[in-house]
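Visitor: Add chain A to chain U, keeping to what the hints say.
There are 2 protein chains.
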Amino acid sequence: MSAAGWLELAHDDPFGVHNLPYCAFGQERLRGTGVRIGDRILNLAAAEERGLVDAGGAFLGQGTLNRFMSAGRPAWARVRERLTELLSAGRHRDAVEPLLLPIAQVRLGLPFEVADYVDFYSSQEHATNLGRLFRPGGEPLLPNWKHLPVGYHGRAGTVVVSGTYIPRPHGQRKAPDEAAPTFGPSQRLDIEAEVGFVVGAPSDGPVAVDDFRAHVFGAVLVNDWSARDLQAWEYQPLGPFLGKSFRTSISPWVVPLDALDAARAAGPAQEPEVLPYLRAAEHHGYDIDLEVRWNGTVVSRPPFAGLYWTPAQQLAHMTVNGAWARTGDLYASGTVSGPDPDQTGSFIERTWNGARPVRLDDGTTRAFLLDGDTVTITGTAPGPDGVRVGFGEVTGTITKPE
Amino acid sequence: MSAAGWLELAHDDPFGVHNLPYCAFGQERLRGTGVRIGDRILNLAAAEERGLVDAGGAFLGQGTLNRFMSAGRPAWARVRERLTELLSAGRHRDAVEPLLLPIAQVRLGLPFEVADYVDFYSSQEHATNLGRLFRPGGEPLLPNWKHLPVGYHGRAGTVVVSGTYIPRPHGQRKAPDEAAPTFGPSQRLDIEAEVGFVVGAPSDGPVAVDDFRAHVFGAVLVNDWSARDLQAWEYQPLGPFLGKSFRTSISPWVVPLDALDAARAAGPAQEPEVLPYLRAAEHHGYDIDLEVRWNGTVVSRPPFAGLYWTPAQQLAHMTVNGAWARTGDLYASGTVSGPDPDQTGSFIERTWNGARPVRLDDGTTRAFLLDGDTVTITGTAPGPDGVRVGFGEVTGTITKPE
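Just so you know, the sequences run in chain order U and A.
The opening position of the first sequence corresponds to residue 1 in my numbering, with each subsequent residue numbered one higher.
The opening position of the second sequence corresponds to residue 1 in my numbering, with each subsequent residue numbered one higher.
Treat the hints as calculated values from the structure; they're not laboratory data.
Do not take every clue at face value.
[As the list claims (entries may be wrong)] Cut-off 25 Å, straight-line C-alpha distance, at most; resulting in silico cross-link-like pairs (DSS-like, lysine-lysine):
1. A/K146 to U/K174
2. A/K174 to U/K146
3. U/K400 to U/K174
4. A/K174 to A/K400
These numbers were taken from a predicted model, which means no experiment stands behind them.
The shape of chain U in the complex, shown without the other chains (with noise of 0.2 Å):
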């Protein structure tokens, strides 16, 4: 079978059938999860109706993923090789293409309902950056950083799909030379270019590095939008709130694990090195390039591949000490930088801090986040055979506060 097969599409297509991201959609009556091929979807609740596919039922009447995600890796395993023959052989033309959606005429939702979200910080030139920024003249990496995966837990109940609304935050906010807090709008609203992973198979006790693919379905990109103003003056002792957990945005296609084989790669050596239960047989590392773009302008192209952690020793770390991990939770690399500032994933460093506004391609300059400004992040990896993988995108406008 060719890459292309009856679809026809482009040998490039990062939608093609090395692809296959899953996706929730809802369309007056309609509402179910599908498979992106191309610019279009698959029902997967018809198909599994009319017993094109058998997923155990678990495409059934489901408005979201978890079901099909709890299924396990040799459910997932089985239902995409049947996707790839249904979406590649000549001879399910005519079963299948009745029940394939174009995308645009759909409303794309948040794939599966999220249990919890965690939120890691594993980019050594982010955790930097924001070191020197949040607390100058001290030492910018904390002594814990190269040993654990530090990550904190974030507010699951307001991670929203790409497209919805970011209304700007309220909150409290004082500058060292104030006498004490203020309360009103943001003025330092910012982004964060992730990559986030979720969970399939829960665990009932800890993950070991190398079942990392047994337990994970897929990765969706994360813009976790971040209020700094608010951020500096309240996350100390005990972390980051207010300041993340108004909104969390994620892209609608859930790339399985299995579509991301070709961008395996090892991560950044660790020095000193990790303790036993972080040491990996396999490579869990991604090659994922992302893209930033701010109205429009591409103002940054944070590399994944550069991490210093992986995903699986973050899933590894964040149940060895007996937390079970849950269908639905969602764990976020956090801001992914590369060591060039057009390498930041976030504004706070592209800007460094607004001192050094960046030139949008309108002729405006910006520093941090002005209401009507609209950002959207979007991600490929390699696939097989010099094709890539694509992501999507996920995207938010910034509006006014509520």
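Guide: Using the frame of chain U, we list chain A on its own:
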């Protein structure tokens, strides 16, 4: 009607008709929600099925309280009034008595599905003690503490019901005089005695301080188990993570806010004055007395009434940035500690980091928790006519690591 009613409870039974806390239970083929009266529970699905209570079907076929909690205060008040009548007026005895189950014969479950879990840090005495212990030499209370209720998100997926065993967590720890971290079972396992508040009616934006009672359904006891060695090594700069996320225990009874009317009290005076969004017209403090037993020995009596920040201020703060509150959101007070050592809600405070071990009734001494130790936290609050309102207990026993 007498407070004892046809059930012939003692006048001062802390679970008389003035209390009526809700629960979820399982028992062989029977699974549902209930309301406690004395040492029995009324099966609410059965009561609604038979037309004795009308909760709009919220009790039918439900294994948790979430659906009822989402119905809002008018529904809660109507149901409470009807339950009071059913359990007081003798004419209902024949219909109601067959639906009562002895508590000893049911297994109590997690009373609601936890949406997001937030833990605050609202006792000035606790924050000061922990500041001294975790940041010796520094200012114990950070500059933001009296301006906002400091808090962070915890792990919702590991909130368990009272009685669940608590496996000692593994993790990284590093003493200041050690060159590198080591890995192993926590050697400084601790408790935090807290009171948690449960959101019933959701909000799609900020909740004003004085709207607290329109959204919050009731209160539970919380033990936020804490591995101090893990926490000390990991918590900077993003806050506690694995030192807390292994398990958090809550009592099986959700005490309705309406049962706590007589316990309402002014919080402590707040100086400096707080920002307008944290100012209240009504009293939202609660006078709840906690008691902590370590293997049966009472080691502490933390006074909730002394908390600096009220649960109404906590909810207002948590949502002021536009974050939604969902049905099932649980937010806890943070450790409740009074000014005296025998009023502290954690053992790291009670034993001053192990320097002043406590002697138990069996003659042994303790600094932190040993395998096999059981901690039980109980609570009561003033009710009408001098009768106490019981919270029951949250208990847990430490087991060897899984």
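Visitor: Now look at each hint and say whether the structure bears it out.
Guide: Consistency of the hints with the structure:
1. A/K146 to U/K174: holds, 13 Å
2. A/K174 to U/K146: Distance of about 13 Å is within 25 Å: holds.
3. U/K400 to U/K174: holds, 21 Å
4. A/K174 to A/K400: With Cα atoms ~21 Å apart, A/K174 and A/K400 stay inside 25 Å; holds.
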